[in-house]
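Respectively, the protein sequence lines represent chains A and B.
If you read the first sequence in our numbering, its first letter stands for residue 1, the second for the next number, and so on.
If you read the second sequence in our numbering, its first letter stands for residue 328, the second for the next number, and so on.
Derived from the structure by calculation, the hints contain no laboratory data.
Among the hints, erroneous ones may be present.
[What the hints assert, rightly or not] Here are the computed distance ranges between Cβ atoms for each label pair: (1) B:Val467 to A:Ile299: 23 to 33 angstroms; (2) B:Asp718 to A:Gly194: 29 to 39 angstroms; (3) B:Arg675 to A:Arg108: 17 to 27 angstroms; (4) B:Asp718 to A:His141: 52 to 62 angstroms; (5) B:Val674 to A:Arg108: 35 to 45 angstroms; (6) B:Val467 to A:Asp23: 29 to 39 angstroms; (7) A:Lys5 to B:Val467: 54 to 64 angstroms; (8) B:Pro701 to A:Tyr297: 45 to 55 angstroms; (9) A:Gly51 to B:Val674: 54 to 64 angstroms; (10) B:Glu685 to A:Asp23: 54 to 64 angstroms; (11) B:Phe710 to A:Gly194: 49 to 59 angstroms; (12) A:His141 to B:Glu685: 22 to 32 angstroms.
[Stated by the list, open to error] Simulated coverage check for chain B against chain A, where a stretch passes if three residues somewhere in it have a Cβ under 8 angstroms from a Cβ of chain A: (13) 462-472; (14) 475-485; (15) 489-500; (16) 626-639; (17) 683-695; (18) 700-710.
Source: prediction; values computed, not measured.
Think of the CB as a built atom: it goes at the ideal place given N, C-alpha and C, for glycine as much as any other residue.
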Amino acid sequence: MAMQKMSLAKGLNSGLRAAMEHDPKVLLMGEDVGKLGGVFRITEGLQKDFGEDRVVDTPLAESGIVGTAIGLALRGYRPVVEIQFDGFIYPAFDQIVAQLAKMHARSRGSLRLPIVIRVPFGGGIGAVEHHSESNEAYFAHTAGLRVVACSDPADAYWMIQQAIESDDPVMFYEPKRRYHERAEVDLDAGVRLGLHDARVVREGTQVTLLTYGPMVKTCLQAAAAAEQDGISLQVVDLRSLSPLDVDTITRVVKDTGRAIVVHEASTFLGMGAELAAEIQQECFHHLEAPVLRVGGYNIPYPPSRFEEEFLPGLDRILDAVDRSLAY
Amino acid sequence: MTDTHDVVVHHETVVAGTPLDITDGGPDMVQFVDGEGTRLERTPANTPYAEIVEAMEPADARSMYRDLVLVRRLDAEGHALQRQGELGLWPSLLGQEAAQVGSARAMAPHDYAFPGYREHGVAWCRGIQPEQLLALFRGVDHGGWSPQEMNYHLYTIVIGNQMLHATGYAMGVQRDGAVGTGDPERDTAVMAFTGDGGTAQGDFNEAMVFAGVANAPVVFFVQNNQWAISEPNYKQFRVPPYQRALGFGFPGIRVDGNDVLAVYAVTKMALDNARNGLGPTLIEAFTYRLGAHTTSDDPTKYRSAAEVDIWREKDPIKRMRGFITQKGYADEEFFAGVDKEADELAVRVRSACQNMPEPEQSRMFDEIYVDPHPLVDGEKATFLAYQAGFDQEGGH
Chain A
1 MAMQKMSLAK GLNSGLRAAM EHDPKVLLMG EDVGKLGGVF RITEGLQKDF GEDRVVDTPL
61 AESGIVGTAI GLALRGYRPV VEIQFDGFIY PAFDQIVAQL AKMHARSRGS LRLPIVIRVP
121 FGGGIGAVEH HSESNEAYFA HTAGLRVVAC SDPADAYWMI QQAIESDDPV MFYEPKRRYH
181 ERAEVDLDAG VRLGLHDARV VREGTQVTLL TYGPMVKTCL QAAAAAEQDG ISLQVVDLRS
241 LSPLDVDTIT RVVKDTGRAI VVHEASTFLG MGAELAAEIQ QECFHHLEAP VLRVGGYNIP
301 YPPSRFEEEF LPGLDRILDA VDRSLAY
Chain B
328 MTDTHDVVVH HETVVAGTPL DITDGGPDMV QFVDGEGTRL ERTPANTPYA EIVEAMEPAD
388 ARSMYRDLVL VRRLDAEGHA LQRQGELGLW PSLLGQEAAQ VGSARAMAPH DYAFPGYREH
448 GVAWCRGIQP EQLLALFRGV DHGGWSPQEM NYHLYTIVIG NQMLHATGYA MGVQRDGAVG
508 TGDPERDTAV MAFTGDGGTA QGDFNEAMVF AGVANAPVVF FVQNNQWAIS EPNYKQFRVP
568 PYQRALGFGF PGIRVDGNDV LAVYAVTKMA LDNARNGLGP TLIEAFTYRL GAHTTSDDPT
628 KYRSAAEVDI WREKDPIKRM RGFITQKGYA DEEFFAGVDK EADELAVRVR SACQNMPEPE
688 QSRMFDEIYV DPHPLVDGEK ATFLAYQAGF DQEGGH
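Isolated chain A, as found in the complex (with noise of 0.2 angstroms):
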């Protein structure tokens, strides 16, 4: 049976289930991946097929869990490591931004690090503080290492077998507020696009609207919303945040003219800054608006009651969308 209807979180559990069987050489590593399956359980019944050797359940250290997993990729193993929220990396950071993304540079290739470290991000599931952080820009700011986001069931399913197929570091992003998300997934179509392939999701004429992760159903939602109004939104999932595929965005930007990026994470410095120069950079003369940016406030992410108006929303999206078509 090839198609196949699954959440987001599933499409996680069966790719990563499916690069075990693959490769021996592939370990899962974190806190609580093991019997509980991760607080998201997304290794779920992993530990059990695959035993407490390759499902580690680590001691709640996160630069140990980084740390070590350097060490066992330098002895020939692919470590996948789970970092339960976002807002719990920072005392990885160190490991991944020091060691992992330049120990291959550093012995001039002679040492790889093919390690995912699968990171739950973004907002609106009514979380306390620190679990609730978009901080990719951090990541796709350094060099060496590669940043991805998943945004549905199918692409869970298909990035996290190339991620972590890859021989370098992959920092891989997932929509915690989407892990529920059901959809087809066809497990015999094999891979269709790259790994840093972007990828059109609708098709539209008027204005581009580039997003990804969670803010990718958003984005649907709000074009699906402005057809009523007679407005036609084309919406990109960038899927890939470092490297960009630059040579996509400009193609469909230069289509519309008009381009908003809309992101959870806080828009100074943020992935919207890079993709509204890159964009003026290489659109300059076919555009009619200004890029625009809708993103989270550049504020702490707020407790949770306040969610609702620091998130990018529907509203905030459309109004977006007035402001470029008023150019």
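Given chain A, put chain B in place with the hints provided.
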């Protein structure tokens, strides 16, 4: 003297029965040779290791002495080359030769070591060539040798990071079934080196936790050289590093870091235990950094000449020479031969440094990623085109 410069015991508070006296390693310290090189009697501390020392041949003692002298000369040349503008920085190992040579020589060729950035003596014993060592400090490379060929990881500048890498590597060794098989060619141990300052780092402590929980075949080797740049021991810890191991669930041993025989014996047993599946050990080599932290440092600002003089008397090379002489293991001709070899090494190091080729500038874009990365590839192309522009103008 009216200030604290004549005070060498910085902190007399007794913690867990042990004063933090930076000149006296206390009764727990394993030692086989005194300051003059006289072989000591068995003590409760050194008895477990006595057989290892007694099994050593005169040739082993001579060759260890040779390593100590050559490593000191390599270090002196590195220091001089920095002063002459040939190197950007040099972290001296002066005074720590026995700690490094003794521990490195206890390793099997297939064991794997993770150094900090001062472990030139360990590098020497692993077969790293001087010019490979100098590349980092001359600024032509971040490394200089192949870690996988030498089983010696690249230097790690951020303090303590490598302790976790060693632990993870040892966890990989376990998964490979290369522990406790009884086959000395297969069973593998991992060593991680850091200093007393490194023991304050989170990564050091996380490495202890992970290694203890996993019972990983790793030996943590702390060179307590008494100073973390300008900060003395008592600014780093309240109990000596070796006493902390128990809290992580494995043995901690303090060894006289200036006694190469003792360091060798203690490390050999710890490595054998790791290879045999008995888990980690923390070794604290009680030693002293006779020089500056690096060539950027000025130790006269924070420590006394009196303290340094006390430690000069504990010199590891003088001690080993005394031991060999007293035992009749070598004659003056041997010592003269080693000195001559050291002179030749100095010339070789200097020449290797000065003749190191300048790197191709576009190389900085290479091997950032394994798979192609359009941004880096694009920047390299732009850089090459920019450089080519100068060539066409006939300049540059």
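Quick check: the stretch 462-472 of chain B, covered by chain A? Criterion 3+ residues, Cβ under 8 angstroms.
holds (count 3)
Can you tell me if the stretch 489-500 of chain B counts as covered by chain A, using C-beta to C-beta distances under 8 angstroms and a minimum of three residues?
holds (count 11)
How about the stretch 683-695 of chain B: do at least three of its residues have a C-beta closer than 8 angstroms to a C-beta of chain A?
With 3 residues in contact (Cβ-Cβ under 8 angstroms with chain A), the coverage given for the stretch 683-695 of chain B holds.
Given a hint of 54 to 64 angstroms, does the C-beta separation of A:Lys5 and B:Val467 actually sit inside it?
holds (57 angstroms)
Taking the CB of B:Phe710 and the CB of A:Gly194, does the distance hold inside 49 to 59 angstroms?
violated (25 angstroms)
Supplied distance hint 22 to 32 angstroms, evaluated on CB atoms of A:His141 and B:Glu685:
About 30 angstroms separates the Cβ atoms of A:His141 and B:Glu685, which means 22 to 32 angstroms holds.
B:Asp718 paired with A:His141, Cβ distance criterion 52 to 62 angstroms
violated (33 angstroms)
So does A:Gly51 sit 54 to 64 angstroms from B:Val674, Cβ to Cβ?
holds (57 angstroms)
In terms of beta carbon proximity below 8 angstroms, does the stretch 626-639 of chain B have 3 or more residues touching chain A?
With 0 residues close enough to chain A, the hint is violated.
Proximity test - 8 angstroms, beta-carbon atoms, the stretch 475-485 of chain B to chain A, at least three hits
holds (count 5)
Tell me if the beta carbons of B:Val674 and A:Arg108 are separated by a distance inside 35 to 45 angstroms.
Once the Cβ atoms are compared, 28 angstroms apart, the range 35 to 45 angstroms for A:Arg108 and B:Val674 is violated.
Range first: 17 to 27 angstroms. Now tell me if the beta carbons of B:Arg675 and A:Arg108 are that far apart.
holds (23 angstroms)
Of the hints listed earlier, those the structure fails to meet are numbers 1, 4, 5, 8, 10, 11, 16, in rising order.
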